[in-house]
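Student: What follows is each chain in one-letter form.
Number of protein chains: 2
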Amino acid sequence: MSDEAVKYLLDDSEMPTHWYNVVADLPTPPPPPLHPGTHQPVGPDDLSGLFPPELIAQEVTAERFVEIPRAVREVYRLWRPSPLFRARRLEAKLATPARIYYKYEGVSPAGSHKTNTSVPQAYYNSINGITRLTTETGAGQWGTALAFACSLFGMHCDVWQVGASFDSKPARRTLMETFGATVFRSPTRDTESGRAFPEGHPGSLGIAISEAVEVAAQQDDVKYALGSVLNHVLLHQTVIGEEALLQLAKAGESGADLVIGCAGGGSNLAGLTFPFVREKLAGKQNPRLIAVEPAACPTLTRGEYRYDFGDTAGLTPLMKMYTLGHDFVPSAIHAGGLRYHGMAPLVSHLVHEGHIAAVALHQNECFAAAIEFARTEGIVPAPESSHAIALARQEALACAESGEDKVIVVGLSGHGMLELGAYESYLAGGLADEALSEEALTAALAGVPQL
Amino acid sequence: MSDEAVKYLLDDSEMPTHWYNVVADLPTPPPPPLHPGTHQPVGPDDLSGLFPPELIAQEVTAERFVEIPRAVREVYRLWRPSPLFRARRLEAKLATPARIYYKYEGVSPAGSHKTNTSVPQAYYNSINGITRLTTETGAGQWGTALAFACSLFGMHCDVWQVGASFDSKPARRTLMETFGATVFRSPTRDTESGRAFPEGHPGSLGIAISEAVEVAAQQDDVKYALGSVLNHVLLHQTVIGEEALLQLAKAGESGADLVIGCAGGGSNLAGLTFPFVREKLAGKQNPRLIAVEPAACPTLTRGEYRYDFGDTAGLTPLMKMYTLGHDFVPSAIHAGGLRYHGMAPLVSHLVHEGHIAAVALHQNECFAAAIEFARTEGIVPAPESSHAIALARQEALACAESGEDKVIVVGLSGHGMLELGAYESYLAGGLADEALSEEALTAALAGVPQL
Chain G
1 MSDEAVKYLL DDSEMPTHWY NVVADLPTPP PPPLHPGTHQ PVGPDDLSGL FPPELIAQEV
61 TAERFVEIPR AVREVYRLWR PSPLFRARRL EAKLATPARI YYKYEGVSPA GSHKTNTSVP
121 QAYYNSINGI TRLTTETGAG QWGTALAFAC SLFGMHCDVW QVGASFDSKP ARRTLMETFG
181 ATVFRSPTRD TESGRAFPEG HPGSLGIAIS EAVEVAAQQD DVKYALGSVL NHVLLHQTVI
241 GEEALLQLAK AGESGADLVI GCAGGGSNLA GLTFPFVREK LAGKQNPRLI AVEPAACPTL
301 TRGEYRYDFG DTAGLTPLMK MYTLGHDFVP SAIHAGGLRY HGMAPLVSHL VHEGHIAAVA
361 LHQNECFAAA IEFARTEGIV PAPESSHAIA LARQEALACA ESGEDKVIVV GLSGHGMLEL
421 GAYESYLAGG LADEALSEEA LTAALAGVPQ L
Chain L
1 MSDEAVKYLL DDSEMPTHWY NVVADLPTPP PPPLHPGTHQ PVGPDDLSGL FPPELIAQEV
61 TAERFVEIPR AVREVYRLWR PSPLFRARRL EAKLATPARI YYKYEGVSPA GSHKTNTSVP
121 QAYYNSINGI TRLTTETGAG QWGTALAFAC SLFGMHCDVW QVGASFDSKP ARRTLMETFG
181 ATVFRSPTRD TESGRAFPEG HPGSLGIAIS EAVEVAAQQD DVKYALGSVL NHVLLHQTVI
241 GEEALLQLAK AGESGADLVI GCAGGGSNLA GLTFPFVREK LAGKQNPRLI AVEPAACPTL
301 TRGEYRYDFG DTAGLTPLMK MYTLGHDFVP SAIHAGGLRY HGMAPLVSHL VHEGHIAAVA
361 LHQNECFAAA IEFARTEGIV PAPESSHAIA LARQEALACA ESGEDKVIVV GLSGHGMLEL
421 GAYESYLAGG LADEALSEEA LTAALAGVPQ L
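If you read the sequences in order, they're chains G and L. Going by full-length UniProt numbering, the residue at position 1 of the first sequence is 1; the numbering climbs one at a time, nothing skipped. Going by full-length UniProt numbering, the residue at position 220 of the second sequence is 220; the numbering climbs one at a time, nothing skipped.
By construction, these hints were calculated from the structure, which means they are not laboratory data. Just so you know, not all the hints are guaranteed correct.
If you anchor each label on the Cβ, the simulated ranges turn out as follows [stated by the list, open to error]:
hint: 1; chain 1: G; residue 1: ARG288; chain 2: L; residue 2: VAL60; range: 15 to 25 angstroms
hint: 2; chain 1: G; residue 1: LYS250; chain 2: L; residue 2: PRO27; range: 23 to 33 angstroms
hint: 3; chain 1: L; residue 1: VAL60; chain 2: G; residue 2: THR182; range: 48 to 58 angstroms
hint: 4; chain 1: G; residue 1: ALA368; chain 2: L; residue 2: ARG195; range: 36 to 46 angstroms
hint: 5; chain 1: L; residue 1: VAL60; chain 2: G; residue 2: ALA428; range: 43 to 53 angstroms
hint: 6; chain 1: G; residue 1: ASP11; chain 2: L; residue 2: ASN286; range: 25 to 35 angstroms
hint: 7; chain 1: L; residue 1: GLU424; chain 2: G; residue 2: HIS201; range: 17 to 27 angstroms
Computed footprint of chain G on chain L, listed as stretches where at least three residues anywhere in the stretch have a Cβ under 8 angstroms from a Cβ of chain G [as the list claims (entries may be wrong)]:
hint: 8; stretch: 20-30
hint: 9; stretch: 41-49
hint: 10; stretch: 270-277
hint: 11; stretch: 378-385
hint: 12; stretch: 408-414
hint: 13; stretch: 420-432
Each residue gets a CB set at the ideal place from its N, CA and C atoms; glycine is no exception.
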């Protein structure tokens with residue numbers, strides 16, 4: 001162990017002041033979302049029932065950089081910059097010449113990257129007189145993040161939590177309530193979308209989205225907030241990659257060879273990688289960018305690139321994306337945040353165009369890597385983040401074979417302090433760990449609209 | 001909200017290189033610990049079965065400063081410096097002219113200050129050929145911290161967890177196991193100390209200490225590690241206060257008016273306040289230093305300053321300290337880390353000599369303050385830490401009345417991510433919240449040896 005630094009931060013004066021919009025630099029624009037009824041491109045008016053004007057503008061902007069409002073930057077400073085760590089102990093354990101850096105978003109109030117977008121979303125809604133936000137949550141990270149953000153801006157927050165998660169993770173519900181939110185077990189009996197399912201149904205992210213959207217659409221001073229998938233959400237997350245670029249430079253690196261993030265809805269991956277896409281397109285560095293997803297929900301690696309709904313009930317616009325079918329219910333893997341049938345259209349577009357690669361891993365390998373990481377670096381990763389760590393481990397071991405001293409940047413999107421039940425199951429003898437079957441995949445894709 | 005900084009860190013070059021030994025500056029030396037059999041002052045030989053020579057030397061050193069070994073500083077850098085935050089949002093909420101700073105130890109691998117001492121303890125044992133450390137844990141913070149430290153230095157870690165905590169907090173056990181430890185429910189059937197209690201007994205910290213000490217004393221390559229109370233533990237924690245002094249200066253403050261920490265065994269309080277004691281004795285600043293304890297376990301405010309055992313079975317040396325009696329079992333308040341019958345002899349001495357004041361608070365007030373803190377500052381405090389926050393809140397509101405712009409420094413010793421069950425109970429309608437009765441106190445003190 002050398003006496004060199006392991007943690008890189010940024011001074012207040014160095015903090016990013018703008019989010020980065022990758023669309024401005026793409027040779028081909030991403031296909032537009034379509035209205036679920038008319039199948040025509042969605043315009044700003046179609047979204048005004050759900051989102052405030054600033055977020056709608058960000059959803060379609062062609063500007064390269066969007067200024068982060070001062071009120072948002074002031075909140076960001078509670079946990080930003082998130083630290084970039086050099087994983088020297090893990091490197092030593094793996095006996096690799098690779099230099100592994102991890103960008104750690106678990107320092108945020110919600111314990112994950114989600115507050116990077118919940119705070120601006122709450123802010124823009126608050127300055128438009130909105131008094132209440134509705135949303136869904138699966139693993140609970142997003143619901144926690146929005147609950148916190150609403151508490152700062154004096155708004156109420158209603159969260160529809162996927163039933164299975166609500167039942168098995170009381171601590172997540174308590175955390176949302178501690179931040180002031182009201183939490184419902186989805187599906188509820190209170191919405192049309194919820195009543196379509198039998199009482200006690202375990203729910204899904206798609207169903208919970210339908211419920212939250214349905215409620216928000218009914219009242220003028222209530223809006224909806226989404227934690228991933230949409231362009232404006234991905235935009236807000238780019239603060240991760242912007243910081244990482246500055247921190248890598250502080251660490252004396254001229255660039256990254258590999259940038260690895262887990263991908264569920266795609267916002268964590270986008271936030272980390274999009275600024276690297278810019279550097280790559282500008283010829284400044286040439287990293288391989290890799291999305292890691294679970295073998296049980298292999299949207300990018302085995303889904304189809306088609307127009308599909310973001311939710312189960314078909315209330316959202318149709319989006320061109322990699323999808324497993326909007327009524328697909330993935331098996332109950334522990335990385336709840338990666339159990340989504342689709343993928344952000346912008347991430348899908350970049351994968352389709354070859355800018356970002358994708359790999360699927362089994363959860364047992366991910367937990368094994370996560371435990372090794374905890375015992376060397378001291379951070380217990382969220383099950384989602386463990387997917388990125390497991391791939392970084394593979395790549396670092398390949399470097400040990402080849403002798404290459406690659407610079408590997410890993411997105412550590414959150415901590416696992418509220419997911420220790422998953423670790424308990426893993427330590428007790430491994431987890432069910434099946435890949436999606438061909439039959440289930442074919443059946444799930446049969447429900448995707450023919451456009 | 002102004003545009004000023006909210007978070008203060010330190011550059012690598014500014015990091016403390018030494019721990020501070022307050023004994024060197026005290027006008028009166030603290031009374032020595034006594035051998036439990038002979039009642040004579042304990043010498044180094046009496047401790048050599050339990051601790052390695054470096055820690056025994058630190059236990060009795062008269063040096064003002066003790067260098068932090070390079071190997072320890074390298075591990076510290078995973079989470080140190082811990083941030084000093086200015087609580088601007090809380091100040092605004094309380095409409096106080098006071099400036100509230102909190103020193104946040106929850107960024108550590110264990111989620112609390114405990115790793116500040118677990119790492120050097122594991123290090124010194126490892127360089128002495130020790131292969132296994134035993135310890136006890138109540139709330140689980142200390143067991144987690146030692147499990148992590150042992151994993152770094154290639155030692156095994158055996159943790160006796162207080163039965164009630166073991167039963168109600170499986171996540172804590174899993175976290176210790178994730179870091180590689182073996183966890184026993186105390187009292188066990190495997191030790192003489194444990195067999196003195198009936199099967200299924202809820203246990204206590206005192207019993208768990210007896211079990212861990214008993215096992216360590218039987219084998220040469222096994223030693224014991226204690227998470228609080230002893231001089232060397234308090235010494236290691238002074239890195240907190242040393243950093244806080246530097247960070248306050250960076251924030252432009254010439255000193256603190258109030259320094260507030262919760263106190264269970266006393267190491268968190270000591271770590272934060274002892275460097276301020278030095279500044280005070282040197283006439284450089286004049287802060288009031290305050291220990292906050294639970295009304296259900298009011299060691300400093302209602303205990304007696306006498307020689308007593310540190311554990312239930314009477315295996316430890318007799319220490320002059322504030323005590324409620326070594327067989328006192330406090331009621332099941334949620335701040336498990338504050339449920340200790342005694343108090344560090346050095347803290348006791350400083351309280352007795354008037355350098356540090358003490359206040360006892362009820363847990364409902366503490367949880368209410370903690371929730372307000374979470375909703376403004378984004379951090380859910382450990383139930384222990386909430387005691388310091390609640391007193392800071394009282395003081396800040398007093399400043400709002402008086403118009404004084406006091407500088408209040410609060411020790412936020414850890415986060416509450418693994419204690420959300422306590423928040424759930426509080427949010428569901430308040431907690432049992434009784435102060436220790438006069439009868440129970442008299443009965444508990446009757447067991448203290450007459451010396």
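Student: Should the hint that L/GLU424 and G/HIS201 are 17 to 27 angstroms apart at their CB atoms be regarded as holding?
Tutor: holds (24 angstroms)
Student: Are G/ARG288 and L/VAL60 spaced within 15 to 25 angstroms by their CB atoms?
Tutor: violated (57 angstroms)
Student: Against chain G, does the stretch 420-432 of chain L show at least 3 residues with beta-carbon separation below 8 angstroms?
Tutor: holds (count 5)
Student: Can you tell me whether the CB distance of L/VAL60 to G/ALA428 sits inside 43 to 53 angstroms?
Tutor: holds (45 angstroms)
Student: Counting residues of the stretch 378-385 of chain L that have a beta-carbon nearer than 8 angstroms to any beta-carbon of chain G, does the count reach 3?
Tutor: Since 3 is at least three, the answer is holds.
Student: At the C-beta level, are G/ALA368 and L/ARG195 separated by a distance inside 36 to 46 angstroms?
Tutor: Since the Cβ atoms of G/ALA368 and L/ARG195 sit about 38 angstroms apart, the hinted range of 36 to 46 angstroms holds.
Student: Holds or violated: 23 to 33 angstroms for the Cβ distance of G/LYS250 and L/PRO27?
Tutor: Given range 23 to 33 angstroms: violated, Cβ gap about 47 angstroms.
Student: For the pair L/VAL60 and G/THR182, does the Cβ-Cβ distance stay inside 48 to 58 angstroms?
Tutor: holds (57 angstroms)
Student: Just to make sure I understand the rule, a stretch counts as covered if three or more of its residues have a C-beta closer than 8 angstroms to a C-beta of the chain. Does the stretch 408-414 of chain L meet that for chain G?
Tutor: violated (count 0)
Student: Is the coverage entry for the stretch 20-30 of chain L by chain G consistent with the three-residue Cβ rule at 8 angstroms?
Tutor: violated (count 0)
Student: Taking beta carbons only, do three or more residues of the stretch 41-49 of chain L come closer than 8 angstroms to chain G?
Tutor: violated (count 0)
Student: Within the assertion that chain G covers the stretch 270-277 of chain L, do at least three residues meet a Cβ-to-Cβ distance smaller than 8 angstroms?
Tutor: This one is violated; 0 residues, fewer than the three required, reach chain G with a Cβ under 8 angstroms.
Hint compliance for this structure: hints 1, 2, 8, 9, 10, 12 are not met, and every other hint is.
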